[in-house]
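Chains as they are written, first to last, in full-length UniProt numbering: chain A, 1 to 333; chain B, 1 to 307; chain C, 1 to 324.
Hints are computed from structural coordinates only; laboratory data are not their basis. Be aware that a few hints might be false.
Mimicking DMTMM-like on lysine to aspartate or glutamate, the simulated pairs with C-alpha atoms at most 25 Å apart in a straight line are [what the hints assert, rightly or not]:
id, chain 1, residue 1, chain 2, residue 2
1, B, LYS276, C, GLU268
2, B, LYS303, B, ASP47
3, A, LYS110, B, ASP95
Distance windows between CB atoms, simulated [as the list claims (entries may be wrong)]:
id, chain 1, residue 1, chain 2, residue 2, range
4, C, ARG82, B, PRO244, 54 to 62 Å
5, A, VAL286, C, ALA318, 17 to 25 Å
6, C, GLU153, B, GLU299, 24 to 32 Å
In this text, a Cβ means the ideal position worked out from N, Cα and C, and glycines have one as well.
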Amino acid sequence: MTNTPTPSGSVDATKVQPIQRVSDDDLYRHSSQYRMWSFTPEQLAQKRVEINARAATVLETRVRSFLEQNPDLGSDEVAAITEKAVPVTADEEVLLVNYFARMLLTFATKMNLPTEVAATAVTFFRRFYLNNSVMDIVPKEIFYTTLFFACKSENFFIGIDSFAKKTKSKNEDVLKYEFRLLESLQFTLMNHHPFKALHGFFLDIQNILQGKVDLNYMGQVYTNCKKTIMEAILTDVVYFYSPPQITLAALLKEDEALAMRYLDLKFANEDSPGVLHLETLRTVIVACKDTMSANAVPSKEQATRTVAKIHFGQNPLSVVERMRRQRESASPP
Amino acid sequence: MLRNEYTKEKRVGEGTYAVVYLGTKQSNNRKIAIKEIKTSGFKDGLDMSAIREVKYLQEMNHVNVIELVDVFMAQNNLNLVLEFLPADLEMIIKDQSILFTPADIKSWLLMTLRGVHHCHRNFILHRDLKPNNLLLGPDGQLKLADFGLARNLGSPQDLLTSNVVTRWYRAPELLFGARHYTGAIDMWSVGVIFAELMLRIPYLPGKDDVDQIDVTFRALGTPTDKDWPEISTFSAYNKIQFYPPPSRDELRKRFIAATENALYLMSGMLSLNPHKRWDSIKALTSQYFVELPEPTTPEELPKLGGK
Amino acid sequence: MDDDEKKDMCPICKTDRYLSPDMKFLVNPECYHKICESCVDRIFSLGPAQCPYEGCDKILRKNKFKTQVFDDVGVEKEVDIRKRVSNVFNKTMDDFDGDLAAYNKYLEEVEDIIYNLNNGVDVAKTEEKLRTYEDLNKQLIMSNMKRNRQDLENFEQQQKFEKEMRLKKRQLERQIEEEEVANREWARREIVNQLSKAEDAEDVVASVKKTVKLKKSSARRKLEDLNKVLKNNPFMMVSNGMLKKKESVPFTPFNGDRDLQKRYVLSETAYHDPFINDLQNKREFIASGFRADFVYDRMLTEAFMGLGCMVIDELQTAQLNGIH
Chain A
1 MTNTPTPSGS
11 VDATKVQPIQ
21 RVSDDDLYRH
31 SSQYRMWSFT
41 PEQLAQKRVE
51 INARAATVLE
61 TRVRSFLEQN
71 PDLGSDEVAA
81 ITEKAVPVTA
91 DEEVLLVNYF
101 ARMLLTFATK
111 MNLPTEVAAT
121 AVTFFRRFYL
131 NNSVMDIVPK
141 EIFYTTLFFA
151 CKSENFFIGI
161 DSFAKKTKSK
171 NEDVLKYEFR
181 LLESLQFTLM
191 NHHPFKALHG
201 FFLDIQNILQ
211 GKVDLNYMGQ
221 VYTNCKKTIM
231 EAILTDVVYF
241 YSPPQITLAA
251 LLKEDEALAM
261 RYLDLKFANE
271 DSPGVLHLET
281 LRTVIVACKD
291 TMSANAVPSK
301 EQATRTVAKI
311 HFGQNPLSVV
321 ERMRRQRESA
331 SPP
Chain B
1 MLRNEYTKEK
11 RVGEGTYAVV
21 YLGTKQSNNR
31 KIAIKEIKTS
41 GFKDGLDMSA
51 IREVKYLQEM
61 NHVNVIELVD
71 VFMAQNNLNL
81 VLEFLPADLE
91 MIIKDQSILF
101 TPADIKSWLL
111 MTLRGVHHCH
121 RNFILHRDLK
131 PNNLLLGPDG
141 QLKLADFGLA
151 RNLGSPQDLL
161 TSNVVTRWYR
171 APELLFGARH
181 YTGAIDMWSV
191 GVIFAELMLR
201 IPYLPGKDDV
211 DQIDVTFRAL
221 GTPTDKDWPE
231 ISTFSAYNKI
241 QFYPPPSRDE
251 LRKRFIAATE
261 NALYLMSGML
271 SLNPHKRWDS
281 IKALTSQYFV
291 ELPEPTTPEE
301 LPKLGGK
Chain C
1 MDDDEKKDMC
11 PICKTDRYLS
21 PDMKFLVNPE
31 CYHKICESCV
41 DRIFSLGPAQ
51 CPYEGCDKIL
61 RKNKFKTQVF
71 DDVGVEKEVD
81 IRKRVSNVFN
91 KTMDDFDGDL
101 AAYNKYLEEV
111 EDIIYNLNNG
121 VDVAKTEEKL
131 RTYEDLNKQL
141 IMSNMKRNRQ
151 DLENFEQQQK
161 FEKEMRLKKR
171 QLERQIEEEE
181 VANREWARRE
191 IVNQLSKAED
201 AEDVVASVKK
211 TVKLKKSSAR
221 RKLEDLNKVL
231 KNNPFMMVSN
241 GMLKKKESVP
251 FTPFNGDRDL
261 QKRYVLSETA
271 YHDPFINDLQ
281 NKREFIASGF
291 RADFVYDRML
301 TEAFMGLGCM
311 VIDELQTAQL
321 NGIH
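Let the sequences and hints guide you as you build the complete structure.
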C-alpha cells in the first residue's frame, strides 16, 4: 500500500468538524442493510405480529360487512363463513412466506440467474412481507415482480417482454406492484450477501493456515458453504447477524475443527489490529449456526391450506359458492 | 404525511427521465432539491438510472457525496429529495469573470478524490465523473452527484458495459470497449478534470467516439503492447494513428502554472495503461497535496457571481 | 612577539601559519583553547586526554573539536551556548497565541540562562534547569524542531516555485519576442506581395495589420495566465511577512476517516484461487485493467466488514438508549 506522507502544518481543506475514523465495521453500520433491515428476535417477532394484526382487522371488518350486506344467507352458510373466512395467524404467514421464498430460489436457479441475483430476489421477497401481510397481497402476485426487479437492481437487466415470456406471465402483472415493492423495501436496494465474504475467508484461511490445508479439500468446503449460505438467506439469521458472521457459521457447520483452528490462529494475538474478542465471536457464530438450522419450512399441503384460507378470507362469497356446489354434487337431480 | 413535508417551489431543470425542483423541507426550513422521476412511458417499469441513483445514494454517507435526504412516492411518481447545491464545477470553470488559484484547484481536486475514494472503498464505481456532476454547496463543499450510471463492482467475471462516462472524460480502455474495467476509469476522469481546472478549457474534447481516441492519444501518446500489455486484443487498436508520447517539457509548457508535483499526479491519473494508473489512495497521498500552497478552505473558494 | 603574531602560531608545537599556510586551528567547547589540527590528531588520537594548555585540567575528546568561526573566543563560546539553549528552548511567537508579554518573559528567561552559562554564574544550577526543561518538554521540543524544519522546507519550496515561475515567464517573453519579429517579417512580406497584385495600398496595409493583431499568440495568453497566478501566488503572502496563522490541525489526505486497522494482510503469494487465476490470464481481462489483487482485496474486505458488529447486542443497547 501507499505511504502516508508526513503531516505538514497545513490546514485541512474540508475541515468542518473532527471526523471520526471510520472502520470497516462502521462502513457496514452505515449500510441500509444494518440500518433498516437488522432486528433483534423480539423486534422481528413484534413486527410480524403487528403486520398480521393490522391485516386481520381489515379482513374481519370486510367479512362482517359482507354478512351485513347479505342478510339472506342461510344459518349454515353464515356458520361456514365465520368458520372459514378467518385471518391467517402470524405463524402461518411466516411459514407461507418461507415456502414461496424457497420456490423463488428454485425458480431463479432454474432460470440460470447469477447467485447474487437469486439471493437478492429472495431477500426482497422476504423484506416485502415485513411491511405487508400475505392477506394484503398474496405471494403469487409479487413473486415475479420481485424477481424482475431484483434483476434490474443487480444490473442483470432482462427486458419485460422476454422476462414475461420466460416466466409465462403477463407484462402488466409483473409490473403491477413494482412501486409498491420499492416502497415496501423502504427505497433501499443494496444487499450485502455473504458470498463475497465466503470468497474472502476462503483466501484468508489459505494465508493463515498456510501449508496446513489441502487445496482440493478447501475447494469442496467452499462449494458446500456456498450452498449452506444460500439456505441461510431463507432464514431469519440475515436479520440478526452480519454477513461475515453468517459465513463463519456456515464454515462451522461444514468443518468445525477447521473453523476453530482458523479463528484461534487469526485472533490469538490480542494486539493485532481490529482484534476481536475470540470468545464473543465464537458465541455469536455458534448462535447464528443454531438459528440457521432451526428454520421451519412448511409442506406443500400446509402451504396450500394457508393459501385457501387467505382466499376465503378475501372472498367470503366463495365459501358460500363452494358449499352450494358441494351440496349440488352431493344430491343429484 | 411525507408528501406535505416538502414543497416544490421552482422548476429548475428537466432531463430525459426527471424534472428537478427547488423546494423547502417544512419541518426545519432546509432548502432542498427534489428530483421527480418520470415513471410513465417506460415499458420496462422503473428506469434503471432511477434504481441506481436510489440504490447507491442510500448507502453513501460522506461530506463529498451528495446527500439523499428522503425518498417518497407521490401521484405514482418517484421523488428523490436531495440536498440543495446551487452550483457545479463546470459553471465555475466556464465563468471567465472568476479567477482561481492553484490553491483553489488543489482544494477542489482534494474533495473530488475524497468522494471517489469513498465510492471505491464501498466498491461502487461512479462511471460518469465530469465537472457538471461535481456540485458545489453554499459552504464551498464539493459533492459527487448523479449516480444514474453507477454500479457495484460485482463478481469478477461480470461483463460490464463500456458505454459509460461522458465522452471527454472516458478512459482509453473504455474507448476500446473494455468489459472488465476497474475503478481506474473513474480515476482517469478525475485526471482529465484536473487538467481542465488548470487549463480552463476541456482537455480532451473529442468530436465523436472515433475522434476521442485520436484526441486522447495525440495529447498523451499512443500506447504500445509494451506500455500496455494485450492492448492489441482490442479490435479498434489496430486502426489508430500512432503518436509519440509528450515529453515532460511539452507538458510543462502546456500546463504552465503547474508545479512538478502537480504534473506528476496528473500524469499518474492519466496513465494510459489502467494497471499503472494511480488509484485514489495513491493520488490522495501524493506530494502535491502536501506541498505549498495549501488547499483553499471550502468556505474561501471562489463562488458564482463573484465572492 | 606581539599578539598578532601569536594568533597565527600554535601554542603547543609553535608552528607558524606563515610557514605552513594549510594549518587549521581547532577549539573544544570545554575550554575553547586554540590548538592546531595536527596537535589535536597527535594528542587525542588514543582517547580523551587533558588539555595541553598549562593550568587547564579539562579532559577533552577529539570528536568534540571544531573549527573556530569567530576570531574572538568569547563570541565563539557565546554562539555555541546560544545554539545549545535555543535547540531546547525553541518556542516561537506562535506558541504564545499572540500574548506578547508572555513571549517576552520567556525570551528574558532564555537570555538569563545564556548569560549565566556564558559568564560562569550558577553553572551547575543553570545546567540543571536546562536539563529539567528538556526532560519535561521533550514532546514540545521535538514538534517545534519539526515545525522549524517544515518552515524552512516551505521557504525552500516557495523559492523553488518562484524560480520556476520566473523561468517560465522569461521563456514565454522570449517566445513572444520571437513571434513578434516573425510577425513583423510576415507582415512586411505580405504587404509587398499583395501590393504587387496592384491593390489599394492603404487597404492592404490596414488588413494585414488587422490580421497580425488577431494573431494574438498562445504564448501571450499563457503569459497572462501566468501573471494572474503570480498575482495570486499564495507564497507572496509569506514573502510579504504576512504569514497566515497556521492551525494546529495537520493535513490529512482522507480527512482522518480511512481505516488503517484492517483485519487482514493482503498476501502476494498465499492464495490459490483457480477461478481468479484463470481470469487474470485472459487477454481481454488483462487489456481491460483487471487486477487479481483488487479482487482479493475486495473479497477480504467483505470478509471482515461487519465481523465485529454484534447486531443483536447493538440493537438492544440502542433500544435501551431510546435511539432505535
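Looking back at the hints listed earlier, which ones does the structure fail to meet?
Violated: hints 2, 3.
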